[in-house]
Amino acid sequence: MENLSEIANYLKGKKARFADAREHLFREREIHTEDVRVEQITEQNVSGVGIKVLYENGWGYASTSATDMDSLRKAADKALALAKNADRSAAGKVELAAEPRHDAKFATKIKEDPFEVSVGDAVGALLRAGETILKGKDVIKAGSHLIFRNMKKKYANTEGSLIETEVYTVLTRIEATARANGEVKSRHYFPAPMNAGYEYFRGLDFQPNAERIAAEAREHCFAKSCAAGPSTLILDPEHLSLTMHESVGHPTELDRVLGYEESCAGRSFATMDKLNNFRYGSEIVNLVADNTLEGGLASCGYDDEGVECQKWHIVKDGILSGYGVNRELAHKMKMARANGTTRATKYSDVPITRMPNLYLAPGKKPLSKEELIAHTESGIYIEGMGSFSIDQMRLNMQFGGDAFWEIKNGKLAGMLKDVVYNAISYEFWRSCDAIADERSFQRSGFLTCGKGDPMQLAQMTHGASPARFRNIMVRRAK
Amino acid sequence: MDKTNLVIEKLLEHPVTDHVVLSRSRTETHHIRFSNNSVNRENLSKLEEEVNAEVGYEGRTGSYRTNDLSEAGIRHAVNKAYEAAKLLPKDPEYMPPVTESEFAAVRNFTPVFGELADENKYGILENAFKELKKAGLNSAGSLSTNPYKVEVSNNKGVRASHANCYSIFSLTAMTGNSSFKDSHYSKDFSDYDGEAFLANVIRNAGLSKNPAPLEPGKYTVVLSPSAVEELLMMFLWYNLDAKAIDEGRSALSKRAGQRIADEAVHIYSRPDHEKISLFPFCAQDAMPFIDFDMIKDGKLARPWCSRFYAARKGLRPTGRGPANVIFEGTEKSPEKLIAGVENGLYVNSFWYIRLVDLMDGIFTGMTRDGLFRIKDGKLAGSVNNFRFNQSIFDLFRNTAEIGKEKGMLYTSIPTITVRDFNFVSKTEF
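For the protein sequence lines, the chains are G and H, in the order given.
1 is the number of the first residue of the first sequence in the numbering used here; add one for each residue after it.
1 is the number of the first residue of the second sequence in the numbering used here; add one for each residue after it.
It is possible that part of the hints are untrue.
These stretches of chain G come out as covered by chain H in the derived footprint (C-beta under 8 Å, 3 or more residues) [to be verified]: (1) 110-120; (2) 145-152; (3) 454-464.
Okay, derived cross-link-like pairs now, EDC-like style, lysine to aspartate or glutamate, Cα gap no bigger than 20 Å in a straight line [as the list claims (entries may be wrong)]: (4) Lys417(G) <-> Glu263(H); (5) Lys90(H) <-> Glu34(G); (6) Lys86(H) <-> Glu183(G); (7) Lys12(G) <-> Asp70(G); (8) Lys243(H) <-> Glu39(G); (9) Lys346(G) <-> Glu49(H); (10) Lys296(H) <-> Asp191(H); (11) Lys74(G) <-> Glu28(H); (12) Lys121(H) <-> Asp77(G); (13) Lys135(G) <-> Glu100(H); (14) Lys121(H) <-> Glu50(H); (15) Lys74(G) <-> Glu119(H); (16) Lys478(G) <-> Asp394(H); (17) Lys90(H) <-> Asp35(G); (18) Lys152(G) <-> Asp68(H); (19) Lys346(G) <-> Glu28(H); (20) Lys74(G) <-> Asp68(H); (21) Lys404(H) <-> Glu247(H); (22) Lys346(G) <-> Glu377(G); (23) Lys86(H) <-> Glu28(G); (24) Lys346(G) <-> Asp394(H); (25) Lys14(G) <-> Glu56(G); (26) Lys478(G) <-> Asp246(H); (27) Lys90(H) <-> Glu377(G); (28) Lys86(H) <-> Glu30(G); (29) Lys296(H) <-> Glu263(H); (30) Lys90(H) <-> Asp68(G); (31) Lys313(H) <-> Glu215(H); (32) Lys152(G) <-> Glu294(G); (33) Lys254(H) <-> Glu183(G); (34) Lys86(H) <-> Glu116(G).
To give an idea of the chain H side of the interface with chain G (calculated C-beta under 8 Å), a few residues [to be verified]: (35) Ser63; (36) Lys80; (37) Ala84; (38) Arg312.
No wet-lab data here; the hints were simulated from the structure.
All C-beta atoms, glycine included, are put in the ideal place defined by N, C-alpha and C.
Take these sequences, add in the hints, and give me the full structure.
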């Protein structure tokens, strides 16, 4: 930690307005299985130091895998030189929001370090699931994917903050593919990825889920095609995770709103003039950003510009209420403080505004998932994630799903196929007329959220209870 | 031979098993991102050097990647890969390391690229900002130079090495209500003609202003090379794997021997293509990339296959992602293709393409950064963006004209004209 402080102060001595240094270890074990063989097992252990500097109004960033002072000074000099080049085209004064000085540590609470457990244990669990899947009638393929991740960071800046964080992450998924009736359909089991230790993986119930997805993949092959036209949809928590990610999470990243992502991920319809007055959803829609959520994939204590993780509303009672904001852009919102959601994937990556953990708050009135379906005369119940696409302003969205059931007279009446729905994002959220209560709340999330240039993949949790949406345009996929 | 390669040689001299592959990569990236006509915080320099150890043990394989290039670091990687391999069940698709005789087929090449000083790179950008501001436009994009080297060494005597570089200047120019994007691909920007590049972007950004409302439907479209690339690569990625085809998990499974495209459609790979050449061999195992046709005379010519699957089928492996993808073009300019359309649309880019139906090859996505009306053979202003749900087979069958190729990073793709392109909904801009 001392060398990081020293390098930040070295840059201060060279007239940097702000500088920070982040030592960042990224360790990941990844397993892919195909049927009952291990298709690929890889592990990576990559570490180094990234140095960010603000000189006048230009930013520069340089990284090095070596941590000796000589290498750090060279990287610092390079970052400073880049910042000076950037300053020549600076658009205006860069103002950083204040953040208290932190001398702090954060660590994911784990019982078992996944990297200390034999890979044979996890491989065994995945292959047993594969075996079970392949016993399913008409099943032609089983697959699985497992990631254990460990990110360890030390951070120091010119304001005197000294922060150490360590995060452990677990993600797994199994999949069955069936071929029957002239169709090929897949079905997956995707338990919520979590910041957790091996004990979380150990506690997952693969066998019954392997049997279930094998049967449902086959059933999907015999499903009738959906009818096209406006329909009522009930969406499960995993499906909603993807919907909220694309249509709420991304458009409320302030850097996107202000054009910083225009050339890649795009911009946003949710412009700042809409803050606190734009109806993003119906009155029952509350979308909460929470990087303090225990086990949340974006819960890291402090972000990569030294800001403490926080909780805030993105949409409150249906109204646009907040954004993900970094220290550089907070003043545009007249915010005194950034909200702690600026992260980098590896040491060589520049920290950028990333989506926080984001969830749809459960309905306040008592309503189980079963009651929600029972109170719906006709419609489609969708589980899981499938096809997903949205325009670069985050308006026109089209989603599929992993499995679909027809709802008839308040009951699930057999599977459907070929379902995709299409909506304008805010009209979709405005059409939400019921959300099940907290008993049905489930998490999901991603480790592969792409943003930035060069592209970085970030992780964040989402969550929801099943919710109902009225009058959504359903199209047949073919 | 530098220190790292000496360590690699030492470890291969006495390998822990009869299967040790050490692949080394070194990429020196200078990446300048900009937005709102100025360089933003993603203004970075990085040197990434990593070694991947792959160790096989009695028909099982483990791998471990590290950027600790000390002897202890690389030895640790080898040991961890070995430990992992030992714990796995035997792999029925296990393949031993590439042999010297397999590697002998490689056609290596030596790209020529020059240094590019920081001053020149920032100069290109500052000139672009100046010209765009003068035209009343905003900008976003990035400029990067990426020299790299890959080396693969194994205990069977293979020593593969290749150094190369790619550079990209990608520029989106925005009016208040529209945008237009173009990219220049290069080794080192020595071929960059700033005046022509900026004039084209500024002209088209101006043309994109104030998009007129238009309803979705089936239109004749002229697709730019980058639009074609995005759709084509998604299709190939999902459908061209030989094993998936044989197991009935590809849209091509039920189309064996059938015509899937207009007979003029020819898609192939040439690892040492004069412009689109990134690697002569696979950077993981040193297996040489080969020349092969993917689609020829309108039919599937040869799918992609791994070393294992190629051995089973008695074929040469292509890699499960070839060296590059080339869609054979003609000498017809984009203007000539546009001139041949009485009433249609010109699509500059697609965005967020995703699979909708695997077995029928249906994809969805949006238009982006320039959707122009074509009237009487000329571009006639822009229209609101659309979503499409489009079968790739219909697109191939309805390909009416093929124009000139544009070389991009991994592909060389022509502008094409397609009848009855299926736009299903519109958006608000």
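Q. Hint by hint, which ones does this structure get wrong, listed from lowest number up?
A. Going through the list in order, the structure violates hints 2, 3, 4, 6, 10, 13, 14, 21, 22, 24, 26, 27, 30, 31 and 38 and respects the others.
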